[in-house]
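J.: Read off the chains here:
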Amino acid sequence: MKTQKILAWIAIAIGVIYFFVPLIGTFEFSLRMRRGEYSVDAYQSVFSDMQFRETFGFSMVMALLTIIFGMLLVVPTAYWVRLRLPQIRPVIEFITLLPLVIPAIVIVFGYLRLYNSSSWLPFTGSTSGTNALLVLSYITLSLPYMYRAVDTAMRAIDVRTLTEAAEILGAKWPTIMLRCIFPNVMSGVLSGAFITFAIVMGEFTMAALLNRPAFGPYLQLVGANKAYEPAALAVIAFAITWFSMGLLQLVSRFSKMAPSRP
Amino acid sequence: MSAATTSFIDRRTVVDWLGIVPFMIFALMFLIIPTLYLVTGAFFTPDGQFTFKNIADLFTPSIISAYWISIKVSVASSLGGALIGFFLAWAIVLGGVPSWVRSGLLTFSGVASNFAGVPLAFAFLATLGRTGLVTVLLRDWLGFNLYSTGFNILSFFGLTITYMFFQIPLMVLILTPALDGMKKEWREASEILGASTWQYWRMVALPILWPSLMGTTLLLFANAFGAIATAYALTGSSLNIVPILLYAQIRGDVLHNANLGYALALGMIVITGISNLLYILLRMRAERWQK
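Chain order of the listed sequences is D and F.
Sequential numbering from 1 applies to the first sequence in the numbering used here.
Sequential numbering from 1001 applies to the second sequence in the numbering used here.
Chain D extracted, bound-state conformation (with noise of 0.2 angstroms):
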């Protein structure tokens, strides 16, 4: 038993070391960019620049698209599997876990192919149109987890009793999709949402093939061409990461706390 517990903290200790010391040598390289003592400057550099700024609000944006529109599919999908449709469930999942199997490079491959100026549906065509595109692949790499996410949230909750108490006092489908549904699962699409927010921020495979001036292209252009940025970029994004994951957590707990069992 005392040999087991050895060997345990042996094992934290390699894992703790390999997974700190990058984050620590990050962040000491973003702070040497003067000569000779630490500072901040390559943090002001980073939010000084436009660029910076442009491109992390339209990541930001097209995230925000990315999680409404997702959930507006995904929500009355796996509410209406669960109420009318269970037989299919199986192969639903099966679609929703294939973005996990087929790599994003491939699938954007096809969209370049597929929807290009001169076919039938010429999203590429436009500006509106390809940025469109890209909300659409980015619903398509989150939907694993959207699905997931809504799905174990929809299985706390009785949906046909749900929906039959609410019929019987006279709800139509908008109002008991809106305003039974959702807020039931809402620690689903929450938790949906902040894993699809941590993915869309530092995506680079769509954006970049897609030519959209989005963050993760941002962060490889400055990394090819700056030296201390990149450290400063990465802390950042992994500040960013580590605040998604925390509210999802957060809303995990707190779900597990209060169940909204009817």
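Bear in mind the hints are in silico, worked out from the structure with no lab data behind them.
All values derive from a computational prediction rather than experimental measurement.
By construction, the Cβ of each residue, glycine as well, lies at the ideal position given by its N, Cα and C atoms.
Just so you know, not all the hints are guaranteed correct.
Cβ pair distances, simulated, as ranges [stated by the list, open to error]:
1) F:1071 <-> D:38: 40 to 46 angstroms
2) F:1059 <-> D:253: 50 to 56 angstroms
3) D:128 <-> F:1012: 36 to 42 angstroms
Derived contacts from chain D toward chain F, CB cut-off under 7 angstroms, selection only [unchecked claim]:
4) 8
5) 26
6) 73
7) 102
8) 106
9) 109
10) 110
11) 118
12) 136
13) 154
14) 156
15) 166
16) 198
17) 230
18) 234
19) 241
Assemble the complex: chain D is given as a structure, and chain F must be docked to it using the hints.
T.: For chain F alone, coordinates are given in the frame of chain D:
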């Protein structure tokens, strides 16, 4: 009356299926058809003749070497990630460490498994690059020049170490529930029968765990195989792995044959598809013991 009932049922069935039409249209348009387009395109010439030539052309030295490097990096980072991830999961489940270590590590794993892409490359460049913290500290404190040993962060080994930053946490997250499912009774029963710790692990624990271990390793493999952003930001196009080759092909047709590009994509789907399929099969096997 029977006719009315039938039509009522039919109408209800139709309405039922109509409910998932938006999702199905979305999945077809933005997931399935784009993929099928590439898959079928791999079997045609640019003028629409059916051919196997594109597939055969994949076996030219430069493309084979790209696949080979990709496979090597994915195998190395998934095996390394699986090994270290397994020991970490074992430590927090069975190692008797305080519970705050467990919840701390699981929370951190949730974050780190999502910290990939371009920023991850920056983090490792700032740590193990030529002027990175670890490289400088080793040189100044120990007089050890990391780069004179032939180490380079922009290489196979550097990429493997970098990928493990998201591979290890993923292993921890998936394997912890599997280890939690190991029943105390199995251990007690084998101890009563006189088994040593080694015998318990070799004859009881590992045979139960191996589908989870193998399955998750395959998942990590597919995860690394499809990743591009980290590698691209880390090495530019100097390390010729398949996703980077495909990226260059999409950008500027470097293979001078659009349909060969489709074949390249097909090769990626086949490899990630097979490893995911095996993962699902192994997972079903693993769940037999975890009811």
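J.: Indicate, hint by hint, whether the structure satisfies it.
T.: Hints, one by one, checked against the model:
no., hint, in the structure
1, F:1071 <-> D:38: 40 to 46 angstroms, "42 angstroms, holds"
2, F:1059 <-> D:253: 50 to 56 angstroms, "53 angstroms, holds"
3, D:128 <-> F:1012: 36 to 42 angstroms, "40 angstroms, holds"
4, 8, "2 angstroms, holds"
5, 26, "4 angstroms, holds"
6, 73, "6 angstroms, holds"
7, 102, "6 angstroms, holds"
8, 106, "5 angstroms, holds"
9, 109, "5 angstroms, holds"
10, 110, "3 angstroms, holds"
11, 118, "14 angstroms, violated"
12, 136, "5 angstroms, holds"
13, 154, "14 angstroms, violated"
14, 156, "18 angstroms, violated"
15, 166, "17 angstroms, violated"
16, 198, "5 angstroms, holds"
17, 230, "4 angstroms, holds"
18, 234, "4 angstroms, holds"
19, 241, "5 angstroms, holds"
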